[in-house]
Structures are given as structure tokens and as C-alpha cells.
Amino acid sequence: MKMSVAAIVFASCTALPALAQPDPTDWATVLQEARGQTVYWHAWGGDPRINDFIAWVGDQALSRHGVTVTQVKLAATADAVARVVSEKQAGQDQGGAVDLIWINGENFAAMKDKGLLFGPFAEQLPNWPLVDVAGKPATRMDFTEPTLGLESPWAMAQLVFEYDSARVPTPPPGAGQLLDWAKANPGRFTYPRPPDYLGATFLKQVLYGVIDDPDLLLQPVDPATYDRVTAPLWAWLAELTPALWRQGRAYPANEPALGQLLADGEIDIAFAFNTGRASAAIAAGELPATIRTNVWTGGTIGNASFVAIPYNAAHAAGALVVANLLLDPQVQARAQDPDVLGFQTVLNLAALTDEDRARFDALDLGIATLAPDDLGTALPEPHASWMARISQDWIRRYGVAQ
Amino acid sequence: MTADGALRFAPRLTLLLMAVPVIAGLAGTLRPAFEAGSVARLLDWPGLPRAMALSMGTGIASTVLALALTLGLVAALQGGRLFTLILRLLSPLLAVPHAAAALGLAFLLAPSGWIARALSPWATGWTQPPDLLILNDPAGLALTAGLVLKEVPFLLLILIAALPQADAPRRLMLMASLGYGRVAGWMLSVLPAVWPQMRPAVYAVLAYSMTAVDMAIVLGPALPPTLSAQLVLWMTSPDLSIHPVAAAGALVQLGLVLAALALLRGAETGLARLGCRLALTGIRGIRADRWLAPVVGGAGLLVVLLMAGSLAGLALWSFAGPWVFPDAWPQHLELDAWARAAPGLGPAALETLLLAALSTALATGLVLSCLEAEARFGLKPGGGALWLLWLPLIMPQVAFLPGLAELALRTGAEGSTGAVAAAHLVFVLPYVFLSLAAPWRAWDPRLAVAGAALGATPGRIFWRLRLPMLLRPILTAAAVGFAVSVGQYLPTLLIGGGRVTTLTTEAVALSSGGNRRIIGTYAMLQLALPLLAFALALALPAALFRNRTGMRPGA
Amino acid sequence: MSGLVLDRLEVRAKGKMIVALTAVVKPGEVLTIMGPSGSGKSTALAAIIGTLGPEFSLSGRLVLDGRDVTGLPTRARGVGILFQDDVLFPHLSVGGNLAFALPPALQGRKARRAAVEAALAKAGLAGFADRDPATLSGGERARVALMRTLLAEPGALLLDEPFSRLDAGLRDRIRTFVLDLIRAERIPAVLVTHQPEDARAAGGRIIDPQGRPVQAGP
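Chains as they are written, first to last, in the numbering used here: chain Z, 4 to 405; chain D, 145 to 699; chain C, 411 to 628.
Bear in mind the hints are in silico, worked out from the structure with no lab data behind them.
Since the model is a prediction, treat every value here as computed from it, not as a measurement.
A hint or two may mislead.
To be verified - Pulled a few chain D residues facing chain Z out of the computed Cβ check, cut under 10 Å: (1) P273; (2) L276; (3) S321; (4) P365; (5) E412; (6) L415; (7) P470; (8) L553.
Heads up, the beta-carbon is just placed ideally off N, CA and C, and yes, glycines get one too.
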């Protein structure tokens, strides 16, 4: 477990075939090799703002390093994982279609487990020293899974609740209060149906609030104690469900669908895995200007978004350049701009030059965004097995209406 | 002689092009179904019975409703002004891609949708959307409605294309002179003549409705979803161990479709017998006309209004500024969404056009060769051959495309425009064949004899007589093929390796994000391309034969 | 030897003899095959024009102007046909229908146009070349159809109840027009009909599809 960075680098250098794979420690050669390459970045394509940002990163990559970036817009990240899996099954160990994937959690665990990833590379990137490893442990721990440098972080995310202040003057600050509020306002709250990522995250968030010993969540699920440990969660849900939107007979499919319900005035409280989403959506005219955000007093779950490079990527050098570019202070500051994305930076502001720090200080957080100090504790993501088990259980209880 | 030889080979080549991808893909995809435990795990899924029932129920209900409405419209109203109006408004809707239609309809009907907004608060008293379960209802009613809306234009087009060969006006006149009501007369005298030509289209609609994925995801229930929607969820799950279960599910889905087709076949026979018995009773069905005409007319108009409203809603969203409940209209209109989408729209539209043109040209050429070979050498496809042609329409796409993508990967073909066009061909060709075979075969054979007796070679008869006389159905079939190609999502995504970007792949990717404004822009363009093809298919023969009364539809 | 010779031309289906014809039709002569529906008239017709289906077996010979055409495809036989309906090509103008029939040997736009105009004039339809066939009267269409058949310069002519769909007044005139033209052009012709009146007007031998002589009316 305790393997030094040098050992990992050494292991990777000896294990990799010499000819095709670039070496991130020899950055000059990487840059040289990358020039003229086209990097196919497979990323969820459901949000035009994110697509615009990726296109902007592409412009930067081209003008700074001569690397062309093409976004392959996915309906689900798993599509890209499945693609690499089938390439491996077909024996295509070089020249793969996927150069870079926006990834985390389950998808990362699956690819890591099957040896489908290039690297380690993340901690050899020139911009890595700027990353706030100490203050944001999620940059190296993806759902309790050590990243081992097989993926590089580029944005922090934290669960925040979004509420319409015109209808909800004081938003519920915890699981118990949310339940009371929902019972008092039936039909005005819902959550995406698990196994959707955000829906499952909501269940984990509630679990954090009702479980006796939260530390259990950082261990893999213990089948022996699972039922007893999660009983409060199911009891809470049983009470909530009749008061849900559509009495729990239908659920939105995912985060955007949930956001749309808030925008259409069908619900009064929603939530997102992006602290700046509400402000950005208000600025774009997609949400009423009365929407505000809050977090729970015990903290909300936070995690990081990463990029990874498949083992058989055709343009690994170009992908490395893009991964490093994503850690560039100018790029990070743009991502944090609520008018652009409103994603929180992964960088340690103290490690930046004054000029770069000023870029972040100049950002207007936006009307609905909490200041970093008001975001409270970022709870670590539970072990990935919790997400799978809870989702499965939810489907059994609510997902196949008997 | 060599041309003759090539023509003789055309049917076999075509079947090969249809069968090999489907069978190879099927083998590749279904192989995991036979892994130990796959079937048992599928059976363990508590949602299975309900998902199967939903697939079957929504598929059959929507097919029956769409068919009844189509037949009713033609039987009760053809020739009248209302019919012409409905037909004119419905035919362009054939080109609407399923996903766009579903999203538009969802916005129209939702408790916070356009209809509710237009009526609130003045008529309804709602200042916030009511908590009503209209979309995604557990019984699949919204999904059924969406499928009916989408299939009526298709069935109507097929029926209208088949009618001229049935000599409907004279049959109807005869029935009327015998004292029969209009609808009863049509059902007893015209329907039996057009049904053989319609049958394949109805089977295709049934198979499609049972396995539609995009519509089921937007409008259908989710707890559980229909079987095909669940299969896609499993197949795209990051949990790779669930993939064999999906394969087993695909096998079940195949069985369901076959069972439903058998059921339909049985119903056909039963109804035919009933019809014969009814005809013998001499019941004239006069009274039925009085209530049927307004009912089907109203239903037809409703279909038109719902579809038009869905599309208008999407179009409006693409220009909308802030637009909150219960405003009936956005606060202001703007071009932001179009400006944001513009850089991506151009290349995607071009790629879409290229793929559709390639696959449609190839499909039309092959189908014409097959039909001409049939006419010249009597190489009529047997039952087995027809089934092969049908396979791509009956197979759930998720059941054979992953295997096919793997095959393309092995041969190094994936990711190229050519490979994607070839994959489109598999879906385009059957539709072109289905649309064209009936009018082609119904062409008066005496025209060919007359040509031959005048000394014309088979080639001359083909190019100078058959082709120009059948130009309208040929172009219509090509336009159908074009629209099918434009709407392809899974084949483009999987065979293209994500590197072939069309309007549809972009629109579906965006639809997962629910941004109605951007979806609106892509849906509008996605609609414009096939619309253009259909407009050409109508305008070209009309312009070429503007002085030929005998070439008008229905002449 | 000029003319059309049916030399023990026999058609069987499932062993049953349907057609048995032996006859010599001299140029300008009309042989009439008469019988009620189902008597094998259309089979006889298909045997002569060359469109018999595979379920039939044919024996004997068909000789046209000394040339054995029995095994030839329809287009190479030199046998023209007039159907019950005119079977004009709806996508071509009247002139286009006629030009379609002109032998390719006749070269040049002008020459072909002239031949078409001449044929129309002969049929009393001068100036009809650019008309839409669908706008013609029944009699006009019948005459166009005949002229189209003759322009292909057939060695023999087959008439498949060509007058039965015409109304009574028109019928006599068209029949006279057709029969006169056949005599004038000296074409051997076979008329298939169930109307004794047509058979009498044709003025030649009358037989049934099995070759037995038939008495045409009073």
C-alpha cells in the first residue's frame, strides 16, 4: 500500500513498452510528441456549458501546444469504458479510439481494476505541485479508492441543496428537517432515481445523517451488519416517499432532469453536485432569480472530477498535455467562474503566484453561490461498494413498483 | 451479359449485406447470454415480469391504435377536405426523429408543460404546477400515446402509397351502390386489397414499438422501465458483470417480439374470417359513418395538433429567454442557444447529410436491382429471404449492435464514415424495400409486355418505362430511407466509435442534460434534413410530370 | 413464305391440353380465336406473344415470315399487340408514346418527329403529339395505341379484345379503322375475342383455342 512515488514511476517505466507510451517525467519530449496530435476527449455531453468549456480548453491546447482537442460527447461515461473494454477484447492494444476520459467513482474503479489505464502519470505532471493535496484529499482518493496517479483531478464538486427562497424562507439544514418540511409540503421535493449518480449520492448523504458510526462508510460494505446499519435510512425513506413529488410513483432520471423540475416550478428544493450551478443557471435565464443554495449542518459529500488516459490511447502524449493544461491556474480560474462553469478549483491558492491568485479573487461568486467558508465540511465519498449496494437495495424496494 | 449476371446476383448480395451484420452482431452480443448464471440472474430481477408486460402492452396497444386511426382516417375521410388537410400536415411529421418527438411531447403534456402554462392561472387556478402523474406513468399510457403519434404518419404514408393499386374509387362506388356505408364498404372491399401491401409495415411498427428505447426513456415508466430501456441501462452500466444479464434479456426481448408478431398474425386471420362472416350478413353499417367520421377526424386532428405543438414547443425553446411557470410565452426571445450551438451544428449537419445520402443511394440502388431481378428472372424472395430482410427491423438494436461494433473494431473498419454508412444501410434498406416493393410489384405488367412487343429491351423497359413511371414511389422510398438514416443513434455511436458525429448523436447526448433550448436547435435541424428529402420526393415528380394527369397520385 | 404460321402450337398445363392451334395467317388476313372466358384464349395469346408462365409447357412452332420465332423473347418476335385497354404510357406525351415504338434504326430527331406526325395524321389525330394521353377520349386513345403498335413495324399483330371496352357507336368506327389498316398494311393478324360481332367483322377463319372451327352467329 505504501509505495513511494519513485517506486511507482520506476515500476511503470520498466513495465511499459518503450516505443509507444510517452514518459511524463520527460516533459519536453511529451510536448514535442503531442504537437500536431488530435486528442479524442470522451466526456459526458449533456451540459452545453461544459461542452463550451471543453471547446475553450481545446482552443488553449491548440494555441499553446499545437494539440487539437475533439470532444466525443457521451450520454454516459460508461459508454467510453465499454468502448475500451471492447477494444481490449478485440486485441486492439494500441491506437485506441479514446484518448482521455472524464471519469470518477465506479467507472474509475472498473477501469483500474481491469488494468485499462495508462500511467501512473498524474503526479508527474508539471502542474501537479499546485494541487491542494492536503486541503482536498479527494484529489487523490476517489470514492476511497486511491488514485495512484492513474487519473488527474481537474475540478472539485460538493453537494449543495438548491431551494426557491420565494417559497422556502428557511431551507432544511439536515435530513430530519428535510423530512419534516416535505411532509408539510407534499409533492414539492424529489431526487433522481438510483442508480443515477446524484440520486445515489443523495441516499449516501442521508445515510451520513442517520447512521450511528459514519466511519463505517469509509470501509467496504460488511454484509453481516449492512441491514442493521442502513435500517434508519430505509425508515427515513419510507416516511418521506408518500410526501415526494408524484408520491414517489415517478422520479426524475438524473441531475439535469431534477434541475429542470426546479426550473419549471414543479418542486421547491433540489440539489446538485456543483456549488455554482444555481448561479450559472440563473445568469443564463434557466432558473428563477429567487433560487439560493445551502448545505447541511453536518456537512455534505464532496468529491473530485478526474481525467484518465486509457492504456491503449492513440494520442497519450496529447492527452497528457491536456491533463496538465486542466491544472493550469488560468484554466482553473475560468472553470470556477460562475458564468462559465462554477466548478471549484483543485488548486491550493496559497501555492499560486500573486498574479494567478488574483484571477480567483476577482471572481464574483454569483447570486446563489455560498462562499468557500460557508460550504462547511466536505464529507468524503463512502467506499464505492456502498453506492452499489444502496442503489441495488433501492431498486428492490422502490424501483420495480410491485 | 455481365450486367445481366450482376443483376442476377443482386438479391443474394443484398441478403448477404443484411444478414451477415445482424447475425454476426447477434452472435457477438448474445454469446454472453449463455454464460453460466446469466439467465438465472435475469430471472432474479424482480422487475422482469412487469418490464416484459410493459414492452408487450405498450407495443401492441400503440400499434393497434395507430393502425385503427390510420385505417379509420382513410376509410371515413379520404377525398374530403379534412383528410387532405390532415395528410398535408402529417406527412412532414414522418421525418421527426423519435427522441425529438418524445421530448417535445413531454414538454407539451407535463403538469408544468405548455398546455398547463397556457391555461394557468386564469382557467386552472394553478400558480404552481399540479402534482399530477401524466408522464412516465406506471402503465405506460404516455409512452403509448407518443408511439401512436409517431407511427400514424408512417402507416398513413404506406397506406396512401398502396391505395392506387387497390382501385379504391371504383370499389367504393360499387359498395355505395349496394347500399353500404362508407367505412363498412371500405373495410370490406378496399382493406383486403391493400392489406398485403401494408402488412410488412404494420409488423415493423409493432416490432419497433416494442423495442423503442429513446421514447421509452423519455415518456415511459421507470419503475421498472420497458424491457428494452432496461437492456440499454444494463448494457451501458459500468458494472461490467451485468452485461451477460443484458444479453439474456435481449434474448427474452427477441422472443417477446416474435410472440407478438405471431399474435398479430393470428388476429389477422381471425379478423379476416370475421370480416367474411360480416360480409355475408349483409349489414350495411350506415349508422357507423355518422359517428366514425367525426371521431377519427377529431383524433386525426388531435395527432396533428399534438405533434405540431410538440415541435413548436421545441422550436420556441430554442429561441426562449427566461420562461417560467405559468407564463404561456417566454419573457423574451433571443438567439443565445443558436449562437452557442452554431459551431457544432454545421459539421454535424454535413456528416448527417453525407451518411444519409450514401446509405440511401446504396439502399435504393440495391432494392431496385433486387426488384428488377425479380421482375426479369422471377427471383422472388422466399419466406426465409424475407425474414432475413426483416431481421434488422425486428431485432432490438441493442441485441446486435454491440457485437457488430466489436466486429468492426476487429476488422479496423470502425470509426470511418464508410463503416457507419454501411451500418445505416442495414436499417435503411429494409425500409426502402418495404416502401417500394408494393408499388413496384403492383405496376401493371401489361406495360412491360407492351414495351417488349414494341421491341424494347429489358434495359430500355426499366429505364424508360418502369423507372420514370415509378419515380414517385421510388423517391418517397428514398426519402423514408433518408429519414431513417438521419434518425440513427446507436449504430452511429457504436460503429463510429464516437468519432462520427451527427445531429442525432449530438441531440441524444444533449437530451441527457435536459437543456430544452439546445435540444430545440438540434431537433429543428434534425427535422429539416428529412423534411427537405420528402419535399424533393414530392416536388420532383410533380414538376417533371406536371402535364401528365395519369401520373398524379391516386390516378 | 410470308405470313404467320401456327404449326401445331400446343400448350399444356399439368398434362391437360389447353391450346392446340394449327393455322396459316396470310398478310392482311385476320384469324379469330373465339371462346367464352376460361376457354384458353389468354393462354393462346401468351403463347403467341411469348409471355407464357413456367407452369405451362409449349410444343410446336410459331413461324413468322419464314422465321421460327418460337423460342425468342417477346421483344425479338416482331409480334405487335393491342390490349383491351390502350395501355398507353402515362408519363409520356402522345408523341412520346409513338416515338417509343419507332425502330432505333430511324435516326435523327427530325426524322423521328416526322414519322410520329405522319402516323398521327394517318389516324386523324394531327397536332396531338404534345398532348397528355390522359386527356384523350377513348376513341382517340385506341387509335394512338394502334398507331404505336404499327410504328414498331411488327410482322404480325395480336388483338386482345381491343374493342370490348369501347361504347357501341365508337366500337364500329374503331373496328373498321383497325381492320382497314391491317388490310392496307398487309399484316397477318390474330384476333382474340368472345364477341361474335367482332369475329364476323374480321372476316377471316374463326376457331376456338383448341383449333375447332366456330360458327359466328346467325
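Right, here's what the structure says about each hint:
A hinted interface residue such as D/P273 counts as satisfied when its beta carbon comes closer than 10 Å to some beta carbon of chain Z; here the least separation is about 5 Å, so the hint holds. Interface restraint check: D/L276 against chain Z, minimum CB-CB distance 8 Å, threshold 10 Å, status holds. With its C-beta approaching chain Z no nearer than about 55 Å, D/S321 sits outside the 10 Å limit, and its interface hint is violated. Hint status for D/P365: holds, given a least beta-carbon distance of 7 Å to chain Z, under 10 Å.
Interface restraint check for D/E412: the shortest CB-CB distance to chain Z comes to about 34 Å, outside 10 Å, so the restraint is violated. For D/L415, the interface hint is violated, the least distance from its beta-carbon to any beta-carbon of chain Z being 35 Å, above 10 Å. Residue-level restraint check for D/P470 holds (minimum Cβ-Cβ distance to chain Z is 8 Å; threshold 10 Å). A cut of 10 Å between beta carbons decides the hint on D/L553: the least distance to chain Z is about 4 Å, and the hint holds.
Of the numbered hints listed earlier, those contradicted by the structure are 3, 5 and 6.
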